[in-house]
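Listed below, chain by chain, are the residues.
Number of protein chains: 2
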Amino acid sequence: MAHINSNYLNIKESYLFSEVAKRANAYKAEHPEADVIRLGIGDVTRPLCPTVIDALHEGVDAMAATETFKGYGPEQGYDFIKESLKAYYAEKGVDLDKDEIFISDGAKSDLGNILDIFSKDNLVLVPDPVYPVYVDTNTMDGREIAYLEANEANGFLPMPNYDIKADLIYLCSPNNPTGAVYNREQLAEWVKYANDNNSVIFFDAAYECFVSDPSLPRSIYEIEGAKTCAIEFCSFSKTAGFTGTRCGYTVVPFDLIRDDCVVNKFWLRRQTTKFNGVSYITQKGAAAVFTEEGKKQIAENIDYYKQNAKTITETLDRLGIWYCGGKHSPYIWFKCPDNMGSWEFFDALLEKANVVGTPGEGFGENGKGYFRLTSFSTHENTIEAMKRFEKAFSK
Amino acid sequence: MAHINSNYLNIKESYLFSEVAKRANAYKAEHPEADVIRLGIGDVTRPLCPTVIDALHEGVDAMAATETFKGYGPEQGYDFIKESLKAYYAEKGVDLDKDEIFISDGAKSDLGNILDIFSKDNLVLVPDPVYPVYVDTNTMDGREIAYLEANEANGFLPMPNYDIKADLIYLCSPNNPTGAVYNREQLAEWVKYANDNNSVIFFDAAYECFVSDPSLPRSIYEIEGAKTCAIEFCSFSKTAGFTGTRCGYTVVPFDLIRDDCVVNKFWLRRQTTKFNGVSYITQKGAAAVFTEEGKKQIAENIDYYKQNAKTITETLDRLGIWYCGGKHSPYIWFKCPDNMGSWEFFDALLEKANVVGTPGEGFGENGKGYFRLTSFSTHENTIEAMKRFEKAFSK
Numbered sequence: 001m002a003h004i005n006s007n008y009l010n011i012k013e014s015y016l017f018s019e020v021a022k023r024a025n026a027y028k029a030e031h032p033e034a035d036v037i038r039l040g041i042g043d044v045t046r047p048l049c050p051t052v053i054d055a056l057h058e059g060v061d062a063m064a065a066t067e068t069f070k071g072y073g074p075e076q077g078y079d080f081i082k083e084s085l086k087a088y089y090a091e092k093g094v095d096l097d098k099d100e101i102f103i104s105d106g107a108k109s110d111l112g113n114i115l116d117i118f119s120k121d122n123l124v125l126v127p128d129p130v131y132p133v134y135v136d137t138n139t140m141d142g143r144e145i146a147y148l149e150a151n152e153a154n155g156f157l158p159m160p161n162y163d164i165k166a167d168l169i170y171l172c173s174p175n176n177p178t179g180a181v182y183n184r185e186q187l188a189e190w191v192k193y194a195n196d197n198n199s200v201i202f203f204d205a206a207y208e209c210f211v212s213d214p215s216l217p218r219s220i221y222e223i224e225g226a227k228t229c230a231i232e233f234c235s236f237s238k239t240a241g242f243t244g245t246r247c248g249y250t251v252v253p254f255d256l257i258r259d260d261c262v263v264n265k266f267w268l269r270r271q272t273t274k275f276n277g278v279s280y281i282t283q284k285g286a287a288a289v290f291t292e293e294g295k296k297q298i299a300e301n302i303d304y305y306k307q308n309a310k311t312i313t314e315t316l317d318r319l320g321i322w323y324c325g326g327k328h329s330p331y332i333w334f335k336c337p338d339n340m341g342s343w344e345f346f347d348a349l350l351e352k353a354n355v356v357g358t359p360g361e362g363f364g365e366n367g368k369g370y371f372r373l374t375s376f377s378t379h380e381n382t383i384e385a386m387k388r389f390e391k392a393f394s395k
Numbered sequence: 001m002a003h004i005n006s007n008y009l010n011i012k013e014s015y016l017f018s019e020v021a022k023r024a025n026a027y028k029a030e031h032p033e034a035d036v037i038r039l040g041i042g043d044v045t046r047p048l049c050p051t052v053i054d055a056l057h058e059g060v061d062a063m064a065a066t067e068t069f070k071g072y073g074p075e076q077g078y079d080f081i082k083e084s085l086k087a088y089y090a091e092k093g094v095d096l097d098k099d100e101i102f103i104s105d106g107a108k109s110d111l112g113n114i115l116d117i118f119s120k121d122n123l124v125l126v127p128d129p130v131y132p133v134y135v136d137t138n139t140m141d142g143r144e145i146a147y148l149e150a151n152e153a154n155g156f157l158p159m160p161n162y163d164i165k166a167d168l169i170y171l172c173s174p175n176n177p178t179g180a181v182y183n184r185e186q187l188a189e190w191v192k193y194a195n196d197n198n199s200v201i202f203f204d205a206a207y208e209c210f211v212s213d214p215s216l217p218r219s220i221y222e223i224e225g226a227k228t229c230a231i232e233f234c235s236f237s238k239t240a241g242f243t244g245t246r247c248g249y250t251v252v253p254f255d256l257i258r259d260d261c262v263v264n265k266f267w268l269r270r271q272t273t274k275f276n277g278v279s280y281i282t283q284k285g286a287a288a289v290f291t292e293e294g295k296k297q298i299a300e301n302i303d304y305y306k307q308n309a310k311t312i313t314e315t316l317d318r319l320g321i322w323y324c325g326g327k328h329s330p331y332i333w334f335k336c337p338d339n340m341g342s343w344e345f346f347d348a349l350l351e352k353a354n355v356v357g358t359p360g361e362g363f364g365e366n367g368k369g370y371f372r373l374t375s376f377s378t379h380e381n382t383i384e385a386m387k388r389f390e391k392a393f394s395k
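These protein sequence lines map, in sequence, to chains A and B.
Its first residue numbered 1, the first sequence is counted upward by one per residue in the numbering used here.
Its first residue numbered 1, the second sequence is counted upward by one per residue in the numbering used here.
Take the hints with a grain of salt, since some may be wrong.
Copies of the same chain look alike in the list, so a pair counts if it works inside one copy or between any two.
[Claimed, not checked] When the alpha-carbon atoms are kept at most 16 angstroms apart in a straight line, the in silico EDC-like pairs for lysine to aspartate or glutamate are as follows:
| id | residue 1 | residue 2 |
| --- | --- | --- |
| 1 | Lys120 | Asp141 |
| 2 | Lys265 | Glu13 |
| 3 | Lys70 | Asp43 |
| 4 | Lys86 | Glu189 |
| 5 | Lys265 | Glu292 |
| 6 | Lys12 | Glu292 |
These aren't lab readings, by the way, just hints derived from the structure by calculation.
Take these sequences, add in the hints, and give me the full structure.
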């Protein structure tokens with residue numbers, strides 16, 4: 001008699017995005033003439049940049065001839081892209097060995113899969129509000145989860161509590177959903193805590209490319225001591241619009257040792273056994289992101305989204321609404337006006353301004369009374385949406 | 001203090017392919033003039049077919065313009081490719097719902113990941129010799145493994161033993177490494193066993209496209225009752241040369257229920273939480289395999305490899321060497337001449353014929369004294385290699 005993994009029965013169903021869609025569609029059905037603008041979307045909308053497109057075509061052409069055809073590649077990624085990433089980290093002052101870098105089909109996959117190499121009896125520490133995948137993947141494994149309170153008082157950047165002896169710690173900076181960014185000193189406190197407790201930090205850097213202040217860390221390895229306590233996850237999704245093209249990378253330093261085992265070797269073993277590498281074509285496209293031309297082109301896309309973020313934060317500034325994010329992040333997280341609840345404000349924004357966003361309480365208890373807007377729409381729609389927002393909620 | 005998953009310490013290091021490479025390279029270094037031919041390779045060598053190349057280019061072009069750009073797709077795959085696969089199964093007389101089909105980045109990933117949704121205390125049944133991934137992925141989870149004896153007496157097609165109450169059963173047909181194929185009656189016995197015991201069969205159909213005898217099953221769902229006891233894994237790797245392009249699919253029928261849970265929903269939950277779907281570009285290319293033109297072109301490639309298999313089996317026939325596989329499989333598995341051991345024969349073949357193959361004992365205890373050759377080389381090299389083989393080992 002085969003038995004299922006009963007931990008799956010403990011996963012809370014998230015109705016967040018389906019409920020958002022349901023309410024938006026219902027409104028649209030009742031008001032077919034309404035021009036509803038969606039600023040809730042967490043997906044990029046701008047096409048891949050020309051340099052990446054060219055490289056993808058080259059990759060496809062290589063597959064068309066016997067001489068250049070690529071079969072199985074290294075599970076951990078081709079050297080050409082690992083070398084590009086090594087150079088990308090060097091620009092941030094981080095020196096990595098290329099074999100500390102693993103190419104994957106996306107940060108989401110690796111953030112879940114990394115748990116394979118850790119024991120089930122580790123205590124997990126997760127911020128609230130949070131990207132739901134951290135909680136769900138650990139629930140699937142039956143691990144105990146403690147929550148870090150992120151709130152207005154700490155700027156949604158919770159700091160270590162030495163009373164909790166956490167084993168595995170999730171940090172996401174710039175944060176999804178709040179857009180908040182840890183500074184160097186704050187991250188150094190986390191690194192100290194992790195080294196003191198022999199914990200491991202899972203650092204989700206998926207939004208690092210939105211950081212424009214050079215004093216803010218874009219990699220946890222910019223902090224001294226991080227290589228003995230942190231694994232970093234990153235992605236081409238938001239950097240270069242790869243949400244539908246699928247490529248990410250994970251850094252597991254050689255100096256990270258737990259139970260006398262080199263964690264890098266465990267991850268290599270996991271990947272060579274349960275993964276077969278990313279498409280050669282995709283890796284060709286992703287490597288092009290790091291050419292001079294590629295860097296220039298992706299910067300234009302990121303600037304485009306940041307202009308939208310500015311449109312949103314300037315409106316909130318004028319209205320005197322508390323928010324975080326938006327400066328170094330595509331996400332803007334704000335307190336609902338007039339002490340409304342998240343869903344109450346969702347309905348009000350939809351009815352009064354025909355704008356769809358995401359209720360903060362969908363990301364955790366501490367998201368109650370907060371709301372998330374994203375900068376991934378067009379300039380035109382973002383400007384129009386925020387005009388309506390301002391009109392609807394000005395005093 | 002973070003702890004690692006100590007089950008990883010129980011994985012046996014496989015030195016098979018590194019030892020093969022080491023011995024071949026040493027020989028080459030000592031005999032630089034030798035024209036060494038490699039028939040050990042398990043990877044395809046022929047380029048992607050033109051129809052697939054065109055579709056991949058189209059996919060890339062779609063990513064270049066805002067109007068056609070694709071961001072996050074459905075984790076379980078786009079409907080267009082699931083509909084193509086539904087039609088492909090219909091050709092085999094198998095009626096599937098499109099939501100029973102999940103698109104993945106390859107069978108290897110899913111064969112490992114499927115274990116996430118099953119309890120650790122299931123007893124696993126694995127044939128010996130076997131593709132090492134089945135054993136390693138279960139060892140990583142700490143599951144107990146029992147072995148099915150595959151040998152010359154049963155044609156390397158072991159049948160159910162009702163004394164063992166197995167929960168999870170791996171069957172691979174056409175088999176890697178032996179090339180043996182279960183017939184309908186044999187597979188029906190396995191389906192009966194699994195339904196009788198409420199076990200789940202993991203059916204690895206990665207080599208199904210090599211089956212040319214219409215009386216042999218290419219999908220386990222051709223067997224009545226399989227939908228209540230089997231999950232099928234398949235891939236474009238060997239069908240269409242996607243080993244470096246990465247696309248596979250997994251079928252989880254709605255009728256498969258264990259512990260009162262619909263296993264399909266568990267897998268959907270696993271995939272939406274820990275996976276973000278396959279690249280749109282790749283899915284476009286894979287779907288082109290099922291066009292009329294695509295089918296014709298991939299058939300030519302498969303025929304090319306089968307011609308090599310025939311070259312190999314005809315030589316073995318002339319030498320009177322026992323073998324299986326090669327008819328409906330790219331693999332030929334034979335008894336080493338003169339009762340040599342696997343590695344002894346490896347060295348003899350390399351020295352006498354300058355041909356590299358794979359020692360059977362690398363796939364398990366029952367592989368001792370056996371040897372694997374593959375049909376993925378060129379016609380010219382395969383013909384030359386088998387000429388030398390025949391000369392070296394004829395009586």
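Here is how each hint holds up against the structure:
no. : hint            : result
1   : Lys120 - Asp141 : both (6 angstroms within a copy, 10 angstroms between copies)
2   : Lys265 - Glu13  : between (35 angstroms within a copy, 12 angstroms between copies)
3   : Lys70 - Asp43   : between (31 angstroms within a copy, 10 angstroms between copies)
4   : Lys86 - Glu189  : neither (26 angstroms within a copy, 54 angstroms between copies)
5   : Lys265 - Glu292 : neither (33 angstroms within a copy, 45 angstroms between copies)
6   : Lys12 - Glu292  : neither (45 angstroms within a copy, 45 angstroms between copies)
Of the numbered hints given earlier, the model fails hints 4, 5 and 6; all others are met.
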